[in-house]
Structures are given as structure tokens and as C-alpha cells.
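A.B. asks: Each chain, letter by letter, is given below.
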Amino acid sequence: MLQSVATGGQSGGSHPHTDADLLAASVRKDQRAFALLVERHFALVYRVVWRQMNGHADAEDVAQEAFLRLWKNPGQVREAGALKGWLLRVASNLVTDRFRKAPAETLGDDDVFVDGRDNAEEALGRRQVATAIDDAIAQLPERQRLALTLVHFEQLSNAAAAAVLEVSVDALESLLARARRTLKEKLNPQKQLLLAGLAAEGR
Amino acid sequence: MTGPQMSDDELDRLLSAATRPVVPDGALARLNARIAREGGADNVVALQRSVKEPPRQSSRLGWLAGLPLAASLVLGIYLGSSGAGPGFLPDTAYELLSGVNLEDSMSGIDDVLSVAEESST
Numbered sequence: 000m001l002q003s004v005a006t007g008g009q010s011g012g013s014h015p016h017t018d019a020d021l022l023a024a025s026v027r028k029d030q031r032a033f034a035l036l037v038e039r040h041f042a043l044v045y046r047v048v049w050r051q052m053n054g055h056a057d058a059e060d061v062a063q064e065a066f067l068r069l070w071k072n073p074g075q076v077r078e079a080g081a082l083k084g085w086l087l088r089v090a091s092n093l094v095t096d097r098f099r100k101a102p103a104e105t106l107g108d109d110d111v112f113v114d115g116r117d118n119a120e121e122a123l124g125r126r127q128v129a130t131a132i133d134d135a136i137a138q139l140p141e142r143q144r145l146a147l148t149l150v151h152f153e154q155l156s157n158a159a160a161a162a163v164l165e166v167s168v169d170a171l172e173s174l175l176a177r178a179r180r181t182l183k184e185k186l187n188p189q190k191q192l193l194l195a196g197l198a199a200e201g202r
Numbered sequence: 000m001t002g003p004q005m006s007d008d009e010l011d012r013l014l015s016a017a018t019r020p021v022v023p024d025g026a027l028a029r030l031n032a033r034i035a036r037e038g039g040a041d042n043v044v045a046l047q048r049s050v051k052e053p054p055r056q057s058s059r060l061g062w063l064a065g066l067p068l069a070a071s072l073v074l075g076i077y078l079g080s081s082g083a084g085p086g087f088l089p090d091t092a093y094e095l096l097s098g099v100n101l102e103d104s105m106s107g108i109d110d111v112l113s114v115a116e117e118s119s120t
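Chains as they are written, first to last, in numbering that gives the first Met the number 0: chain A, 0 to 202; chain B, 0 to 120.
None of these hints come from the bench; they were simulated from the model. Hints are supplied without guarantee of correctness; some may be wrong.
[Said to hold, decoys possible] Which chain A residues stay away from chain B? Per the calculated CB distances, all over 10 Å, these:
hint	residue
1	30
2	34
3	50
4	59
5	83
6	98
7	133
8	166
9	183
[As the list claims (entries may be wrong)] Among chain A residues calculated to face chain B with C-beta under 10 Å, some are:
hint	residue
10	42
11	45
12	62
13	142
By construction, the Cβ of each residue, glycine as well, lies at the ideal position given by its N, Cα and C atoms.
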């Protein structure tokens, strides 16, 4: 079925199909087309869920659940341009539901992901700094954390992030401002130490 | 000793040090496997578009059947108002009715139990 999409889709690039093509094929239960959508968007959804769940091991499961809901009913996404926002909205709602059922667990040392660089001393310093920042972010209220994640870490526009949170752009900017103010207050006592740690690593 | 308030630039530098989660190995394969297990099962059932029934042809028979009913009503009103009612039934019927003591006759569901008791004894 995907071949029929390919003939009518865009050419060039590693993914010649648009989200619209892939969504249309997914409506027809084309698993290959859906696999391309997964490949394209899973990492973003996973990162947002991970941040919302403070690195909890269930982040993968929640991200998967968002995609399964899309697979079961791709017709819910009326415009392919809204797909990313739809996935993020569903995923963040799933996180909220899960936290409602079970209180959030904080990020444990064993759950911290390292980025693959293997200099032990440098990794330790970086990891301590990262843990301090992660902890401060984890203590933000849920919606402030989501706003910060979407705009700061995932580079979504304010309008796109507001759509995910289902608030106005003004409300999103307010969430962001409060998140940043709270982070400054929390991190300010360790500011010199943390910045020195970053400087030592050449950041 | 916290020092001066943190600037936006300093906060951005610190945020850049936050953990960047990476998708666990095999996550996409696990998701695709779940999707394959789900297969084409769709939990959304498309509702049949309701078919509008064609309007029924109005039957003239209905009006014809109403004619004797209407005539009967008119006749009843006429007879009732002219006082001719009592002579309608045969004389034997009036004789039978005059002999009935309504208080002794059965009066409804309350009598069912007594009748049942009587029949069981």
C-alpha cells in the first residue's frame, strides 16, 4: 500500500513521504507507513514524556501508548500539520493520567541517561550538574515543566506549544516566565558551583 | 550567600546542561511489534449512515374507516340528547340488570384472593 503512497508522494530526502501521505496510508492500516511516522516522531514524544515523568522508566511505555492510540484511530488527526501537536497532547495527557493513578517518582541516579562520552571524570562532573538541573526542573509544576520542555528543549514555537497545552499564547508565556523564575530561585544558591562545573567542561 | 540574581543567559547555560534523554535501544522495534500485534484491529466502528425512509403514501382507506366511526359518534350524541337510549336494549336485558345487586357482585382484583381461597377449599 505504501508503494501507492510513494508514487504520489514527494521525492528526495530520507523520508520521501509527507506526514499527510503516511497518515492517509495509516488510515488504511498500512503498517510500513505507520512505522515511518513512528521513526519520524517517536524521539520527540519520548523526550517530552521522559521530561514530564522525570526520567521514569515508564516513559517509553507512555510514548508507545500515544502512538498506539494514533494507530487505532489515525482519523482523529484531521490535518497532518497538527500531528506532532496531537501526539504531544495525547502523550502529556497520558502522563497526567498516570501520575493521577500513582504519585510521581523522582529521577534516580540509575535512571539518568548519559550521552555516550566516556571520559569518567568529565562525565561525573557533567552528570552532577545535569542532575541538579534535572531535579530543579522536576520540581516545577507539571504545566510549567511541559511549557519549558516544549519551548526550551524541543524548540517548538510559542503558538505550537500553546496548542499542545491547549492554552492561549499569553498563558503559555506566563507559564514559561514562571518556570524560569522558579528555576532561577532554585538554582541561584548553587549558581557559582554549577556554572564553574560547566566552565571546567568547556561549555 | 547566594550572590546576585541569576540572569537569563546564565539560566540558559545551565538548562543546556540538563539531561538530553535518548530513545532506549530497540524502542522503535518494540513499538512496531506492538502495532503488528494490534494489527488492523480498529476500535472505532463506523456508524451506518442513517437511511432516510421515503415518506409513506397516505392511504385513503384510513379516512374511509373513519366514516362509520364518525357516524356512530353522531348517532350516539343524537340518541343521548333525545332520550331514546333506554329503549335500545331488549326488555330481558333490563330485567336481568335490575336483579343484580352490585355490592354483591365482584368488584375487581381484590376479589381474586377470596375467589382463589374459595376454590382451594
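A.B. asks: Compare the structure with each hint and give your call.
C.D. replies: Results of checking the hints against the structure:
The Cβ of residue 30 of chain A does not lie farther than 10 Å from every Cβ of chain B; its closest approach is about 6 Å, which violates its non-interface assignment. The beta carbon of residue 34 of chain A sits about 5 Å from the closest Cβ of chain B, which is not more than 10 Å, so the claim that it is off the interface is violated. With 10 Å as the threshold on Cβ separation, the claim that residue 50 of chain A sits away from chain B is violated: the shortest Cβ distance comes to roughly 7 Å. Once the 10 Å rule is applied to beta carbons, residue 59 of chain A is inconsistent with being away from chain B; the minimum gap is 5 Å.
Listed as a non-interface residue, residue 83 of chain A keeps its Cβ farther than 10 Å from every Cβ of chain B; the least gap is roughly 16 Å. With a cut of 10 Å on Cβ distances, residue 98 of chain A stays outside the contact zone with chain B, its closest approach being about 18 Å. Against the 10 Å criterion, residue 133 of chain A falls within the reach of chain B, whose nearest CB is about 5 Å from its own CB. Listed as a non-interface residue, residue 166 of chain A keeps its Cβ farther than 10 Å from every Cβ of chain B; the least gap is roughly 22 Å.
For residue 183 of chain A, the shortest C-beta to C-beta distance to chain B comes to about 4 Å, within the 10 Å cut-off, and the non-interface label is violated. For residue 42 of chain A, the interface hint holds, since its Cβ comes within 10 Å of a Cβ in chain B; the closest pair sits about 5 Å apart. Using the Cβ-Cβ criterion of 10 Å, the hint placing residue 45 of chain A at the interface with chain B is satisfied: the shortest such distance is roughly 5 Å. Interface restraint check for residue 62 of chain A: the shortest CB-CB distance to chain B comes to about 8 Å, inside 10 Å, so the restraint holds.
Taking 10 Å as the C-beta contact cut-off toward chain B, the hint placing residue 142 of chain A at the interface is violated, the least distance being around 18 Å.
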